[in-house]
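With the hints as extra help, turn the sequences into a complete structure.
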Amino acid sequence: MIQLRAESLTKTYGAKAAVDHVSFTLSPGIYGLLGANGSGKTTLMRMLVSVLRPTGGQIFWCDQEISTLGAQYRDVLGYLPQNFGYYKEFSAWDFLLYMASLKGLDGKYAKAKAASLLELVGLADERKAKLRTFSGGMLQRAGIAQALLNDPKLLVLDEPTAGLDPKERVRFRNLLSDIAKDKIVLLSTHIVSDVESIADDIFLLKRGKLIDEGSVESLLAAVMGKVWQVTCTPDEAEGLFNLYAVANMRHENGHVVLRVLSETPPTPDAEPVRTPTLEDVYLWHFGEESGETK
Amino acid sequence: MSALYRYELRKLFCRKQAVAVLCLLLALSVLAAIGNAQGALFPATHWNGYESGASLSETEFEKLSEKAAPLREQQTAGGTFSDEEWETLSYYMGAQEARTPAAAGTPVPAAETPELLKMAETLGTMSVEGGYTGSAARLFAGIPAGFLLPALFLPFLLSGLFAEDARCGMDALQFSARFGRGRLLCAKLLAALTAWLPAAAGCGAICVLPPVLSDPHTDWGASMQLLYPNAAYALTLGEAALWLIAAGVLLSVLSSLFALLLSSLCKASLLGAAGGCMLALYPFLRVLPLAPEARRALCWNVTSLLFGTDDSFGWLSFFDGAKVFGRFSFSVPVIFCLAGIFGAVLLTCCIWRFLTRQVKG
Chain A
10 MIQLRAESLT
20 KTYGAKAAVD
30 HVSFTLSPGI
40 YGLLGANGSG
50 KTTLMRMLVS
60 VLRPTGGQIF
70 WCDQEISTLG
80 AQYRDVLGYL
90 PQNFGYYKEF
100 SAWDFLLYMA
110 SLKGLDGKYA
120 KAKAASLLEL
130 VGLADERKAK
140 LRTFSGGMLQ
150 RAGIAQALLN
160 DPKLLVLDEP
170 TAGLDPKERV
180 RFRNLLSDIA
190 KDKIVLLSTH
200 IVSDVESIAD
210 DIFLLKRGKL
220 IDEGSVESLL
230 AAVMGKVWQV
240 TCTPDEAEGL
250 FNLYAVANMR
260 HENGHVVLRV
270 LSETPPTPDA
280 EPVRTPTLED
290 VYLWHFGEES
300 GETK
Chain B
-12 MSALYRYELR
-2 KLFCRKQAVA
8 VLCLLLALSV
18 LAAIGNAQGA
28 LFPATHWNGY
38 ESGASLSETE
48 FEKLSEKAAP
58 LREQQTAGGT
68 FSDEEWETLS
78 YYMGAQEART
88 PAAAGTPVPA
98 AETPELLKMA
108 ETLGTMSVEG
118 GYTGSAARLF
128 AGIPAGFLLP
138 ALFLPFLLSG
148 LFAEDARCGM
158 DALQFSARFG
168 RGRLLCAKLL
178 AALTAWLPAA
188 AGCGAICVLP
198 PVLSDPHTDW
208 GASMQLLYPN
218 AAYALTLGEA
228 ALWLIAAGVL
238 LSVLSSLFAL
248 LLSSLCKASL
258 LGAAGGCMLA
268 LYPFLRVLPL
278 APEARRALCW
288 NVTSLLFGTD
298 DSFGWLSFFD
308 GAKVFGRFSF
318 SVPVIFCLAG
328 IFGAVLLTCC
338 IWRFLTRQVK
348 G
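Residue numbers (our numbering), protein chains in the order written: chain A, 10 to 303; chain B, -12 to 348.
The reader is advised that the hints may include incorrect statements.
To be verified - SDA-like, lysine to any residue: derived pairs with alpha carbons at most 25 angstroms apart: (1) B:Lys347 x A:Leu35; (2) B:Lys347 x A:Gly23; (3) A:Lys117 x B:Lys347; (4) A:Lys139 x B:Met(-12).
Unchecked claim - Label-pair restraints from in silico Cβ distances: (5) A:Phe69 x B:Ala192: 49 to 59 angstroms; (6) A:Lys117 x B:Leu200: 44 to 54 angstroms; (7) A:Asp191 x B:Ile338: 46 to 56 angstroms; (8) B:Pro185 x A:Ser17: 47 to 57 angstroms; (9) B:Pro203 x A:Thr142: 52 to 62 angstroms; (10) B:Ala192 x A:Ser76: 44 to 54 angstroms; (11) A:Asp191 x B:Ala14: 58 to 68 angstroms.
These are calculated hints, taken from the structure and not from any lab test. Quick caveat, the model's predicted, so the values are computed rather than measured. Cβ atoms here follow ideal geometry from the backbone N, Cα and C, with glycine treated the same way.
Encoded structure:
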């Protein structure tokens, strides 16, 4: 069975550690990498796809260090970078065939695969259109198609849903569930709902460190009893905003209803929320970095 | 590999900058060719006296030359020229392409006069015997121009080769693909060569062929000292032309490689192109506000660099009464070796940079 293992992976830029002794083991399945902007997700992914050398630690693919595998490792890789570039004068078709030649695919196979992938991502009708005419969502879909060209065993997707509208995001999630059967899919995002419904396991990365990992259920269990609903006046709400991470706020009959994250009840009449969401988990861990206070 | 090569070539020529550069290159080459061949295409029929405003036809000039012959004989024994005599003589010597200080009215030091005149006479004889023609002179003027153009413009064409991928964020995708390093690099360099070769050859041919074709009787086996009396090497005109072409090619390669490396380092194609242009222009710089010694080291001209025809290069010459001998201040192969080493370092840096480059997160 395929396996990707990172051991004490570290990347430093000067004195700053972008990724700090991160270790994990991945077997086939979908994994979400959650973290605020600047938490080190992209750096970690770039090391995993061998475009960035770690300062310390090692990455193993099926128990072999990836730098020793070289092209053999890149052969099983599918990668969609964040804000990936494209050649304006290329059509979607050209772009996929160019990527296929980079991946060393045979011409005939590449054409057949490109056609089927364009169909899969809903770009078959626009295959001859220049990429510069594409919307952000269409470009992202072209990017997803190129990542799948070589039928990768390891699919690394950095913020794949950025720029997609809700309908496209749902479509993307379904597509990912479809193709992920015997693959390792690592998906980074700070959009919680993207991973909530499809990820088998979620990694939480904060300031370069892996602070928690587990299934959605186990992560939810960790915040159970820490999510509260508080009904208060607007003035009281302002005070609570300054003291706690607030996941939600709505106005109701002249009062303010808040969803507050706290170890202890934030007010005497706060009611515990029985069904926390992954968004609560995210805010619990990253509230400060998202501009919230805890 | 062939697919990658095709795509790299396409990427290279898809850029508007590349198309503009190629059009400009072609236009300037044609202009340079016309400028270079205009002596053959539109020969002048009169000799013009700049100070007097007088004009001489060829026939009148021939008569004047005959008049100058006894003057020359007379002055070989020593003495100075009168203004009128010097003017007559300088017309004659100018016609023979002899290199002499030629300000009318300037007294020639008595000690040097016989030597100068004898030298001019010898050159005149050699010119007739050696089959010297103006087409060779035009060729030697045209070759540097022919290779300066590609050296100036190809950096603009090629500088996007690495920089554009990094600028638009394709590099992460490329480096994570199976053939994203070694083979992609080969494809890129091959595409660069494909673009460079016809452009350099085309420009070179446009500037070199007209003077060659305009006078099929040019004796390419004649000594190049006929053209450059102080040339430091015993080369024929044909050999010298080949060396000059080699230098032009080398310059063009160096400027392109430098542009590739600089653009890759800075991830800015325009900056790389500008660097390549500066490198290409450097050998053609003639006037710098520097002491003569510094100018010899810093500022040179392709032709004088190779053959020591220019005093900015510190050639030494001496005349034994029958022939002119020249010695270059340093050996020509040194220049080629230095340029070759510089080129090899640039190429190695380009390759090393591409193969080891990381895409930061």
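Hints, one by one, checked against the model:
1. In summary, the hint linking B:Lys347 to A:Leu35 is supported, as the alpha carbons are separated by about 23 angstroms, within the 25 angstroms threshold.
2. With a CA separation close to 13 angstroms, the supplied pair B:Lys347 and A:Gly23 stays within the 25 angstroms bound.
3. A C-alpha spacing of about 34 angstroms is found between A:Lys117 and B:Lys347, which places the hinted pair above 25 angstroms, so the restraint is violated.
4. For the given pair, A:Lys139 sits about 24 angstroms from B:Met(-12) by alpha-carbon distance, which is consistent with the 25 angstroms threshold.
5. With their beta carbons about 57 angstroms apart, A:Phe69 and B:Ala192 fall inside the hinted range of 49 to 59 angstroms.
6. Checked against the given bound of 44 to 54 angstroms, the beta carbons of A:Lys117 and B:Leu200, roughly 49 angstroms apart, stay inside it.
7. For the pair A:Asp191 and B:Ile338, the supplied restraint of 46 to 56 angstroms is violated, since their beta-carbon distance comes to about 38 angstroms.
8. Here the CB-CB span from B:Pro185 to A:Ser17 is close to 53 angstroms, well matched to the stated 47 to 57 angstroms.
9. Checked against the given bound of 52 to 62 angstroms, the beta carbons of B:Pro203 and A:Thr142, roughly 56 angstroms apart, stay inside it.
10. For the pair B:Ala192 and A:Ser76, the beta carbons lie near 48 angstroms from each other, so the given range of 44 to 54 angstroms is met.
11. Separation of A:Asp191 from B:Ala14 is about 59 angstroms and conforms to the stated range, judged on CB atoms against 58 to 68 angstroms.
The structure fails to meet hints 3 and 7 from the earlier list, while all remaining hints are met.
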